[in-house]
Structure formats: structure tokens, C-alpha cells
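Given chain H, put chains S, C and R in place with the hints provided.
So the protein sequences, as listed, match chains H, S, C and R. Going by our numbering, the first sequence runs without a break in its numbering and finishes at 341. Going by our numbering, the second sequence runs without a break in its numbering and finishes at 1341. Going by our numbering, the third sequence runs without a break in its numbering and finishes at 2341. Going by our numbering, the fourth sequence runs without a break in its numbering and finishes at 3341.
Because the hints were derived from the structure by calculation, they are not lab data. Some hints here could point you the wrong way.
Stated by the list, open to error - Simulated restraints, written as ranges between beta carbons of each label pair:
hint, chain 1, residue 1, chain 2, residue 2, range
1, R, Ala3334, C, Ser2131, 25 to 31 Å
2, S, Ala1091, H, Phe209, 26 to 32 Å
3, S, Ala1203, H, Arg86, 41 to 47 Å
4, H, Gly310, S, Gly1116, 30 to 36 Å
5, H, Ala91, S, Pro1195, 46 to 52 Å
6, S, Ala1203, R, Asp3314, 50 to 56 Å
7, S, Pro1195, H, Asp87, 49 to 55 Å
8, C, Ala2210, H, Asp299, 40 to 46 Å
9, R, Ala3203, C, Ala2090, 57 to 63 Å
10, R, Val3226, S, Pro1195, 40 to 46 Å
11, H, Pro329, S, Val1226, 19 to 25 Å
12, S, Tyr1213, H, Asn47, 30 to 36 Å
13, S, Val1226, R, Ala3093, 38 to 44 Å
14, S, Gly1258, R, Asp3197, 47 to 53 Å
Said to hold, decoys possible - Which stretches of chain C does chain H cover? Using the computed rule of at least three CB atoms under 8 Å from a CB of chain H, they are:
hint, segment
15, 2149–2155
16, 2253–2267
For each residue, glycine too, the CB sits at the ideal point set by N, CA and C.
Each chain, written out:
There are 4 protein chains.
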Amino acid sequence: MRIGVLTGGGDCPGLNAVIRAVVRKGTDVYGHSFVGFRDGWRGPLQNATVPLGVEAVRGILPRGGTILGSSRTNPYKEDDGVARIRDTLAAHAVDALIAIGGEDTLGVAARLHDEGIPVVGVPKTIDNDLSATDYTFGFDTAVNIAMEAIDRLHTTAESHHRVLIVEVMGRHAGWIALHSGMAGGANVILLPERPFDIDKVCAFVEHRFASHYAPIIVVAEGAVPVAGSLTVKEGELDAFGHVRLQGIASVLETEIRGRTGRESRATVLGHVQRGGTPTAFDRWLATRFGLHAVDAAHDGAWGTMVALRGTRIDRVPLAEATRELKLVPEELYAEAEVFFG
Amino acid sequence: MRIGVLTGGGDCPGLNAVIRAVVRKGTDVYGHSFVGFRDGWRGPLQNATVPLGVEAVRGILPRGGTILGSSRTNPYKEDDGVARIRDTLAAHAVDALIAIGGEDTLGVAARLHDEGIPVVGVPKTIDNDLSATDYTFGFDTAVNIAMEAIDRLHTTAESHHRVLIVEVMGRHAGWIALHSGMAGGANVILLPERPFDIDKVCAFVEHRFASHYAPIIVVAEGAVPVAGSLTVKEGELDAFGHVRLQGIASVLETEIRGRTGRESRATVLGHVQRGGTPTAFDRWLATRFGLHAVDAAHDGAWGTMVALRGTRIDRVPLAEATRELKLVPEELYAEAEVFFG
Amino acid sequence: MRIGVLTGGGDCPGLNAVIRAVVRKGTDVYGHSFVGFRDGWRGPLQNATVPLGVEAVRGILPRGGTILGSSRTNPYKEDDGVARIRDTLAAHAVDALIAIGGEDTLGVAARLHDEGIPVVGVPKTIDNDLSATDYTFGFDTAVNIAMEAIDRLHTTAESHHRVLIVEVMGRHAGWIALHSGMAGGANVILLPERPFDIDKVCAFVEHRFASHYAPIIVVAEGAVPVAGSLTVKEGELDAFGHVRLQGIASVLETEIRGRTGRESRATVLGHVQRGGTPTAFDRWLATRFGLHAVDAAHDGAWGTMVALRGTRIDRVPLAEATRELKLVPEELYAEAEVFFG
Amino acid sequence: MRIGVLTGGGDCPGLNAVIRAVVRKGTDVYGHSFVGFRDGWRGPLQNATVPLGVEAVRGILPRGGTILGSSRTNPYKEDDGVARIRDTLAAHAVDALIAIGGEDTLGVAARLHDEGIPVVGVPKTIDNDLSATDYTFGFDTAVNIAMEAIDRLHTTAESHHRVLIVEVMGRHAGWIALHSGMAGGANVILLPERPFDIDKVCAFVEHRFASHYAPIIVVAEGAVPVAGSLTVKEGELDAFGHVRLQGIASVLETEIRGRTGRESRATVLGHVQRGGTPTAFDRWLATRFGLHAVDAAHDGAWGTMVALRGTRIDRVPLAEATRELKLVPEELYAEAEVFFG
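Same shape as in the complex, but just chain H (with noise of 0.2 Å):
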């Protein structure tokens, strides 16, 4: 069997170690060939490979990023996307294609799959927003680096007077807030899922330095206020009621000082959370997906992606991997709630 294999979509840790389990288990055990597809779906569309055999993977189950590059293409908005694709795959005798990515590149193995190319799927994204599975690998890591940054806020936050807030990722979901608020010890946490009261967050500010210590804040990139709540111009949210990228931290600065007349002081993560070397945990999920998806394409269970539940890997309809987003449920925001202020 010769096995295709693409990465796509946004950087996260433990990319390389799906890549490596995937090429030392089919080429070890079961005896396949692989080939590489360069940039995600821009790959088998553009006929751009890259060897991938067992030397071409040593030494990458540490490393960040992705040794097969990655981006957003997408075959279904070019033109004869999917025809295209079934020439690269008959030009290198390509018998099955393993697609890492989140939910645009799942989304796209989902429909070729629908089309009859042998396919199989594993999950990624770094806001663990899937419903299908447990954790995606890259969120631990993520949660990490994000709760390290809030325990040195710590040590500062005994003495200081100022505000101390901390962006972490998350447009839609508000995982990485959530865990990491959590692990670090956040006096608030401010998710999508739940627009925040402006008043309320002052009064936990407030509440925070009558105890003579300063009030960390950790808010995901995508929390929106309750519609209408804040000082600053309605230009500035987004036709979702989201403020402008990556401005939510400065936006909390302002009406903050507005409205307690505190100043306070951002630290904005950016891509820091999503590049690097995995944790053990993203490097086991990861080494186990790989391991279970070229167990897939050797069993011909085309059309599925692999999946966590509890300790156990299991397969899934790759539909699964774009049905429903997975939201921070209401009774687990609450188990954070009690730490608040």
C-alpha cells in the first residue's frame, strides 16, 4: 500500500509526531510506502511532494510545526480541485491519503471521501473545540505555556497596583482561557461562550486589590461583552458583536481605567501558544493518533478520523469532525466561577 499523508491549517505542537508514528507503524509493521503532500491540500492539487520515509522523520517527535508545511487551500474553491487531485494520487500510485488538520481540512476529506477517494482523518486544532473527541493534541500545550505565563503574573501581582491581563487564544471557544485561568489561579476568566458584564469584571478588580494584591484577568482572544455594554466605538466589533483582532486585552485596558480609574497591563501570548515543543501529553495523543489512523488506512476504514474517549482511541465519521463545535458547557464554567474575585 502506498500511503499519502498532508498536514493543514494552523500550526500545532504535535504535528510532526502524528507524522512519525504514522510512517514508522505503516512502514515497520504493516510494510506500506508513503509519499509527503506539501501545504495541505495545495500538495496533491499542485502535485508537490516531498520523500517521507523513515529517515525523513527521525528526530521530529520533539520539534514544533510541521515537517510537510501546511496552509489554508482549499481544492473545492479551484477549479477542478478534485479531479486534479485523483491525477496526483493515480501519478504516484497513491492507494490512501491520511489528512491531519481541524475542521476546514476534515471538512474537505469528509467530501472527497463522499466522492470515493480513500481517505482517513485525524483531528487537530489547538482550542480543542471538537466534539468528536475528548482533547486534540496541542491544547495541553498551549494550556501550558499560557498558565506559566500567569504564575510569574503571580509573584507581580503581590505587589503591584496595576491591572495584570493576560489574551490567550481561542476565537470561538474558550478552552485555553478556561484551563489555564484555572491551573494558574485567574481572579476572572472571560470566554466567548459567555458575554461578560463590564460592571461585573470591575467589581472583581475592585474586590481583588481591597485584599491588597492585584487582580489577574485571563480572557480568550474571542470574549465579546454583553452587546452594548462598553465605552468604546461600535466600529470596532466585528459583525459578530467580536472585537477587532487581537484587540480584546487593549479594549479591557480602556474601559477598565474608564471606569476605575486603574491602569493595568497586557500580555498578549500570540502564536508563543502554538509553536514549540509539545508536552508529554500532546506527544502521547499524537504519537497514538498517528499510530491508529495508519491502522485505519490499512484496514480500509475510509471515511473516518480517529477520536480520544477517555483513554482509548477510537474512529469516528470524519462528519463528526465539523458537525458542532465544542463550547465550554455551562456547569464546567461554574466549577471556575468559584474561584473568581
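Below, chains S, C and R without anything else, positioned relative to chain H:
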């Protein structure tokens, strides 16, 4: 309600996170009060207490160790142990006990429950060898520490001609060795569950050197050879066929040198694996265990302990904590073996 | 002898290590006693003290922040400030003061010394911009934190098409940017000492993209453009030609997008750089500063402060602490420029 | 100019940073070309080369190990060693050699220089025991790794009743033990330079337990007892009175148990200390060593090596590298002793 809290057994990152969550939710949400018992079961046995309120738990979330102290004291090995515990609980008007500990501590808790003492348990084992729960806190921290050590050895392995051995914790179960070895990319992983064949280990060693790279062996402290296969004196094996405490790395050094002529260099991590600040996963899990344990006490769910199942925290009978050791199953070890050699 | 100790100015990893060393050596070797003054010069001014003995400093070596608190209070801006300090010192029978702080705190110390108050100084600036000493503690910690962030961005840079900007501390001197940028392998480093030419920055950006790799720009918060070169409104520059606080990263984003069409993604580390546990170098330096400061007090070397020269700790006049800002010299910046583009 | 580069001796974080700086500045600023020799002096001896240009050094700054490989090959122990080196240099039209290594590697370089071969040196010793330079790269990394291990032991020490022993590198000089022990807050530090009195060590152990805290002993692998003071058999000491390789931690365990009845638990870090990514200080120092080494080659400063003096990089005669071992002086050890017990 007045609730007593104690921590027993070996050190484990996350103990303080449990205590903090119990006290914060118990106080702020339920209005309960708390008393800390010192050094595990020694506290109620000898009436050794420490004040335990919201102030006492401030800032302890990221800290290793336990503010309550710990011990391996067993009230069933003391004269009138249970009666003395009843006396202490009465003297402090304690309505419920939350016992945080491993097999021994929770075994005592289960017996006390059978005798009518209102107790709730929180499982703790850094070895992750408890079948009632998917994971225990502290384990993820230990795995990451071991993995980081292995990561550092890899660069040395590229230019060295010595066998690199890493001895990790795991007297009866090899979870730490398995996870850290897979996450670190070890060439051989030796577990207590699978007696090793020293000739096969040496074959992996030579195979690895053949690719101009020094082999990295991860070995659980409780790993055992196939009976009679070693050349070391029998007296160095204990009654269970285990080599003497902390000795497996040096036994391997001797055996490998004798059979292959290769020198080894050992890293023995020891207690470093069970101290220091917890990872985000362990803080999250420990915090949630604490929240749900105080819920269980509040609900009067005596004789239960909290357990992780997937992403849910469940209540299970305390007896389950000690019923069965969770060993590494054959099929998981087989996943790791893909990467051997 | 009875010695008062205080810490002033911004947070800096290593403050607790200084305090511990002063108290341990002063108590155990010399038999002196200590009193802690709270919140910098506010302590002696308002008679705010805290007990300071061997027990109080146990376990604080690895902890960020300062157990004494800090402030920017200046007794020379208060009515009768010096007289009130004399009163407090007399009330506590204090024979000597050890003042740990930056330019402001030590400037006050120098003036008090001139007025006959027996004081010894320990220099503290996370920015490392003090000409009297080779290094100050806290700096190495900040540099490592910034470097680790840059490290993580590198894997993302391999597969991304955005300019990655890292804003670090350094209002007047660019030491943190220079060291972290060189250690992290940045493609451009912008310092306050060298007004930058935005067109050259954009040229480096394009040159880097030409090798299929996203550029990483490290910028000190106080970096300034060549006058009149930016398209942002002039009102956003302060009186010194500095762009507004914490704004340089977003100014760069706007300018680069306007000139090259490239999107950027910023990481703003903020206070994360000045909190948390110190590196080994900073603990070593802070501990030695503390040991030598208490020696100086014991010897009655009033009006001096400790300073690192090579591997030696010397005593220098307090006045030197504030005489001249240590800026990044031309030849060191030239070393970094070798790696630009 | 065409310059050969080689790395000799044991692994040390920062080697790749030196190589990168040499090649980047040599190529981009001076227009020189490079050839890499494999595995130290084996490369020029056996004509084993590797291409070494700007592409080869991309991305290696943060990586441990050396892309050139290393060995302990000594051309003066080979027939016609020097003649064969001359032949290889001629065959590759090499005008200059940059040799990066420790006492042995630079000792060979000094002799080759005396015989007219144009060579420049870069000092490398993880043990920091070279008198010609304030610090060598790799040392700061090793100290931080050891310190982090000690940090983790501290929380365990609070609730444990075992002596905690950390064995670190340092065969002849105790710099790593001294710095990591001081930075980590060890209770006893044992160095090769100061034969230890086991009874005093036991007294510190008991003193520490008296304050309900387990003692942490940091011991250099080359630490030696006062002659005749131990109860272990004499045969376990080597010709220099050193206990056998890697054995000092277990010797201490045996002796302490015999004298105090206390159990110990050892952490032996081994090669973990010399692998992996370098700290910022080590990357900074290694990069500057590389820049100044290629300057020296460009200037024809044969027979010199680079050295750190304060914050300056100087050129010193190669002979100085091997003249004298830099031992821990009495007065520095006395600074550490303040914190013993």
C-alpha cells in the same frame, strides 16, 4: 458542616491544589468550615491539627508538597486507633472527613466508612496505577519531568558511544516509563509488567549503534528480568524477584557491559519526579477532584471517592480504590514497541 | 548591630534571594539582628515594619517578588521626609540601612548618606542599564523568558506567512531585546539606542520571506523610529519621540502592513518578564550581592553599593548607581546585526 | 580565505551556536568559505569532511550537540598524525583552522600551532574549570538543570524523612555543584577541591532534620572524603583517592545510613546536564565566541583563543587554555558555607 481534611502517603504534585479547591468551594459556596489534620492519619490519631481557611490556602495552587504534611501512619496498627480518631473528630465537632491519598490511605478510609465514620476520598498515586480512574494527578508532572530528561539525552546520543539509561519511578506498574519513554522517543522501555530479556535489550542496543546513534533505555525502577537470565548474583534480587531498590539502572549497566562491551551512563531521577510545581493537567485534575470531593461531602455521599472518566468526574465506591492495581495492558505496550530499536 | 532592609521600585526576580542572604549571613556569621521596612521608602517614612529573621527568609530563595513589598515612594517629595526616617530608625534602634533598588531608590539612599544616615545599597534593574556593574539580577531571567518565547515562534515561522513581532521590556536601554534577540535568533532587533528606519525593517522582512521563512522581529518597548519616518499620527509619540507605552508592536504592525501588505502577529510579554522564579545566574548574583552588602554594613562602608566586575563583587560609591545609564554600545549592536535579515 | 572548523571532546550546549556564528560572520561579513571536519581531530586526520555553509547552520542555534560530531581522537597518538593533517588541509585548500574544544582538543591545537599550522581556538568545558576565561558556555545550562532538580526536591523535603542527595558533574572542579547548590538552596555542598569529613556531613543532616525538614546534599561526582574516614572498602577508591565513577551518591547513602540510621534517596543527573538546548547566557557567550574566533582567524591571530573577561571577549594565547585548572577558591566556598546546615 465542619469538615476535616488530611493527606497521606508519598509526595505528589497537586495535593495543595486539591486542598485549596475543597476549602474555597466549601467555604464560599456551601458555608462549611474546615480543620486540617497533620501528617495523614497521624493527625486524627494524635489530635494534631492546623487551622484551614481561605487565607491558609492562598497561593498554594502552584506549589508542590502538601501544606498539611503527610505520613504513612496506619490507625489499624495502633492500639484503639479507631476510637482515638472518633475522639478527635468529636473534639473538633467534625461532621465529615476528606482523605486524600493512595491505596493505603484510602484503604483505611474504606474501613473507617464501614465502621460508620463519614468519609469521602480523593485518589492520589503518582504511578497512575489505580483502576477506578483514568488518571491521577501528579502523574502528568512526573511524565513531563522524565520526558524532558530524555529530550536532553537525545542530542548527546547523536555524538556519543555510550548506552544512556534513564531510571524512572514505578515499583509495580510502568505507566511513567511507558508514557515518558513514548513521549521522549526511547529506544527501549522496560516495565515491571513485562519481565525483560536482557539479550533482546542488548540486540536493540547494537541495532541502534549500527545507525550511529546511542540507544536510550527508559526503565521503571520495578522492572524485572526474566527469571535466571542475569549474571548478577541472586542475592541482589528481592523476594518478588525485583532487583534491589534503585538498583535496576546499575544492574543494566553491568549486564550490558558484560555482554556487549558497551559502557553505559545512567540518569536516576528519584524524588525529582514527585516534587515541584504541577503541570496544567495535574492542577486542573486536582482542582476538579477537590471541587467534587467537597460536593460529595456536602451531599453526604460517604464511602465514595472521586474519579476521572473521560472528561467527567464521577463518584465511585472507596473500595474500588484498592480493589485492583491498574497495570499497563499488552496492547498499549505493543504500541510503544513499534518504536523500539 | 541592628540593620533595616527595604526593597524599592519595580518587581525583579532575585529580590528575595538578596534579602535571604543578608539575613542569613548577618545573623549566623555576624550576630546582627534585622528589621524589614515595608514597601520601599514608605516603610521608614511611615514606620511600617515587618519582623525579619532567619525563619522569615526560609524558602524564599526561588520565589519571585519581594517579601518586603515595594513602592516608588520618595521621601524627598514628602514633608519632613528625612526627619521622619531618622525618627523611625531611632525608634527601632537601627544602626544601618540596606536599600535594594534601582536608580530612584539608590538616588534617595545616596542623598540620605550625604545627610549622615548609614546606608549601603544593592543595585536592582531588570533592564541591566546600570554602568557601575557588569550585570544586575533579574536581567538573565527576563532574557531567558523572552528567548523561550522566540524559540516557540521559530517553528511557526517555518510554515507561516505572517511577520512575528515580540515586544520586550526596555524603556531607555535595549539590553533585553539585544540579548534575547541574539539568543533566540531574531531576524531584526530594534533598540531605544538606535532609532530604526522602517524601510530597512521592511527590507529585512521581505528578504526573510524570500527564503520561505517568516521574519521574527524583537523590539524593545522604548524603540523609536527615525524622526518623521512613520505614517502613524505624531500625537502617538511622546515628548521624547517615543511611541506611546506598550504601543510599539502595534505601530510596527500598522506600518509593515501599509508598506508591504504583510500581516503581523504580535507577542507582548509585559510583566511576565519580571515575575516568577529567578534563573540560576540571577540567584547566584543576588545571593552574592546580599552577602557582600551585609559585609559592607558590618564594615561600616556607608555610601557604597555592591557591584559585579567580572566574577568579583566590588564596593563602589552609591553615586555611581545613578551617574550614567548603561546603553548598548555600537560595537555590540554590530555583533547582532551580523544575523539580521 | 577557506577555514576548517571542528569540535572535540564531550557534549556541551552551545557548540552549534559557535559554529553558526563562525559561518554566518565569516561568510556574510568577510566572504570566507568553510569546510567542516567530522568528529574532532578525526576529521582532518582521516579526511572526513562535511559541507559547511550558511544553509547548513540554519536553525541550529537552539540545538544541543554538534552538527560536526565529536571525538577524543588525538593526532599525536597516531602515526604521522601531523603530516596527515597537513595533507588534509592542503587537499581542501584550508587556510585556517578553528578548533572548538576542551583541554585535550586545545592542547593539540597549541602543539599544531607550534608546528606552524594556522589555528585559532574556542574554549569549551561544561565544568567551567579553565582559568583563562571567566566562564565557558554550557556551564550555565548545566547549573540551571541541576538547580531545577534541587528546586523540585525542596517540596518533598518538607514532608519527608529521607536524606536527598543530588550528584552533579565535576570530576576535578566543583563549579557546577557550587553554583547549583547555592542557587538551589542546598544544605551541604561537597566538592573535589575540599575533601569532606563524613562526620560533619552527618552533623548537618541531623541538624536539618531537627528543624523538621529533610536535608539536601549536592555532591560533585569527583568529591572525595578525607583519607581513611569512610567505612567503605578501600578498593572502591581510585588511584587519586576518588571513589569509583558515578558512585559517590551511593557511597554517601551507605555511610549516612551506617552512621545516622537515616535512609537516603539519590538523584543522579548524568548526561542530562550536558545535552539539550542552551540557556540564553550560553547562547550569547557561544555566539560571541564564534564571532570573535572568526575575527581572529581573519586577522591571522594564530595560536590564540577567545576568552570572556567581564563582558569583553579577549584573545589569549592557546597555551593558557591548558596551563592551569581553575578550581573553586576558598573564599567562594566560604560564601556557600554560610547556608550549610
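Hints, verified against the model:
One distance hint, 25 to 31 Å for the beta-carbon pair alanine 3334/R and serine 2131/C, holds here, with the actual separation near 30 Å. Restraint check, alanine 1091/S to phenylalanine 209/H: a C-beta distance of roughly 40 Å breaks the suggested window 26 to 32 Å. Distance hint check: the CB atoms of alanine 1203/S and arginine 86/H are about 45 Å apart, consistent with the given range 41 to 47 Å. In this structure the supplied range 30 to 36 Å holds for glycine 310/H paired with glycine 1116/S, their Cβ-Cβ distance being about 34 Å.
Taking the beta carbon of each, alanine 91/H and proline 1195/S are about 50 Å apart, inside 46 to 52 Å as hinted. The hinted range of 50 to 56 Å is satisfied by alanine 1203/S and aspartate 3314/R, whose Cβ atoms lie roughly 52 Å apart. At about 54 Å, the CB distance of proline 1195/S to aspartate 87/H agrees with the hint of 49 to 55 Å. Judged by the Cβ atoms, the range 40 to 46 Å given for alanine 2210/C and aspartate 299/H holds: they are separated by roughly 45 Å.
At roughly 42 Å, the beta-carbon separation of alanine 3203/R and alanine 2090/C lies outside the given 57 to 63 Å, and the hint is violated. Distance hint check for valine 3226/R and proline 1195/S: the Cβ-Cβ separation is about 44 Å, which falls inside the suggested range of 40 to 46 Å. For proline 329/H paired with valine 1226/S, a C-beta distance near 50 Å fails the hint of 19 to 25 Å. The hinted range of 30 to 36 Å is satisfied by tyrosine 1213/S and asparagine 47/H, whose Cβ atoms lie roughly 34 Å apart.
Checking the proposed 38 to 44 Å range against valine 1226/S and alanine 3093/R shows it is violated: the Cβ atoms sit about 58 Å from each other. The hint said 47 to 53 Å for the Cβ distance between glycine 1258/S and aspartate 3197/R, and at roughly 37 Å that hint is violated. Three residues within the 8 Å Cβ limit are the bar, and the segment 2149–2155 of chain C against chain H gives 6, so the coverage statement holds. Proximity of the segment 2253–2267 of chain C to chain H, defined as three or more residues with a beta carbon under 8 Å from a beta carbon of that chain, is established by the 3 residues found.
Hint check: violations occur at hints 2, 9, 11, 13 and 14; the rest are consistent with the structure.
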